[in-house]
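Per this note's numbering, residue 19 is the first one in the sequence shown, and the count goes up by one each step.
If you're looking for bench data, these hints aren't it; they were derived computationally from the structure. All residues carry an ideal CB built from backbone N, CA and C; glycine is no exception. Honestly, I wouldn't trust all of these hints.
[Stated by the list, open to error] Dumping the calculated EDC-like pairs for lysine to aspartate or glutamate here, alpha-carbon to alpha-carbon at most 16 Å:
{"hint": "1", "residue 1": "K210", "residue 2": "E350"}
{"hint": "2", "residue 1": "K230", "residue 2": "E350"}
{"hint": "3", "residue 1": "K277", "residue 2": "E239"}
{"hint": "4", "residue 1": "K277", "residue 2": "E241"}
{"hint": "5", "residue 1": "K210", "residue 2": "E241"}
{"hint": "6", "residue 1": "K150", "residue 2": "E122"}
{"hint": "7", "residue 1": "K298", "residue 2": "D278"}
{"hint": "8", "residue 1": "K298", "residue 2": "E312"}
{"hint": "9", "residue 1": "K260", "residue 2": "E180"}
{"hint": "10", "residue 1": "K298", "residue 2": "D330"}
{"hint": "11", "residue 1": "K210", "residue 2": "E256"}
{"hint": "12", "residue 1": "K230", "residue 2": "D278"}
{"hint": "13", "residue 1": "K260", "residue 2": "E241"}
{"hint": "14", "residue 1": "K260", "residue 2": "D273"}
[Stated by the list, open to error] Have a look at the derived ranges for each label pair, beta carbon to beta carbon:
{"hint": "15", "residue 1": "E138", "residue 2": "L280", "range": "36 to 44 Å"}
{"hint": "16", "residue 1": "P189", "residue 2": "G81", "range": "32 to 40 Å"}
{"hint": "17", "residue 1": "Y172", "residue 2": "N351", "range": "21 to 29 Å"}
{"hint": "18", "residue 1": "A44", "residue 2": "R220", "range": "30 to 38 Å"}
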Amino acid sequence: MPAKRFPLTAGQQEASLRVAVFGAGAFGRNHLRVYRELEQAGHAVTLVAVVDSNPDQAAQAGGEWQIPAFASIEELSAAALSIDAASVCVPTTAHFPVASALLENGIDLLIEKPIASSTEEADRLIELAQNKNCVLQVGHLERFNPAVAAIQPYLNGPMFFEAHRLSVFTPRALDVDVVLDLMIHDLDIVLKLANSPVREVRAVGLPILSRKVDIANVRLEFESGCVANFTASRVSTELVRKLRFFQPHQYVSLDYARKDLLLIDVNPTAGSPAGLGFTKPQIYPGEPLRLELEAFIHAVRTRQAPQVTGADGRAALALALEINSTIAAHAENAGLNRFQEEKRHAVTD
């Protein structure tokens, strides 16, 4: 695996960035698709390999995108195939071993969220990236949602957030609970928008169709006095991705899925009888994943800090883990664990 070639010096022809994708599941396949789209669109990036511990899955992805496929980092290294950067899209439990091995070899990384399974692992990855002068970006995809980008000019001290993220049940990502799977997107966004330390966490959650928490409700209070409520479910009958927040004289509604933003203001001069003004800011189109990978490539080429840093990923992970601890304590105090055990025995008997 090569030493860094970036940033390019003045006068050098733009070299193509050689990228690999680790993990050929649902997330990995999307990364493969977008890297190839960027390559075909003339971006100086070349998709050179896919790695997945399931040889059949790796071979299928390799065949689809006409690139070499490997079952491990060791196989990739043995093939003497040079890469500059990689997307790590393996299950969360494998983030640390895969990412640390790549960072040790000086490879710039985009790690899908959550950054790792524990804050200790996250700290070690951040330190390793710093020591090896590697770019470390975390895949909090909603940061690149065009509707989220459109919010920034309108922020004015938000004091109450309400987030709903609901999905139908699928067997994907059952190695983590709904907080680390879904809610963490909204935690990351609200941490950024509230811009204040969390003072208090209250949370409840239950496993419904899996052995991990499938539905959760969380209330956060920040040092600033701001309050945020979150609901996340992967056992819903509908797909909902919404964030609402209130700030002085204004209500803001964001629909992640529709990439839509609505602002309602107290405006006595407005034409409505209630004295309310309605604004729909212009949303510039774009696929969030493509915008995310373009930002990653830019960070690699310029050696600038990525838009979502390892520290950002660590903060979202730490909060998610604190929420899970609070959920576990509530379940123990309320006797909910007993009912879950009875349900599991009933299913297996």
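Of the hints given before, which are not true for this structure? Those not satisfied are hints 1, 3, 4, 8, 10, 11, 12, 13, 16, 17.
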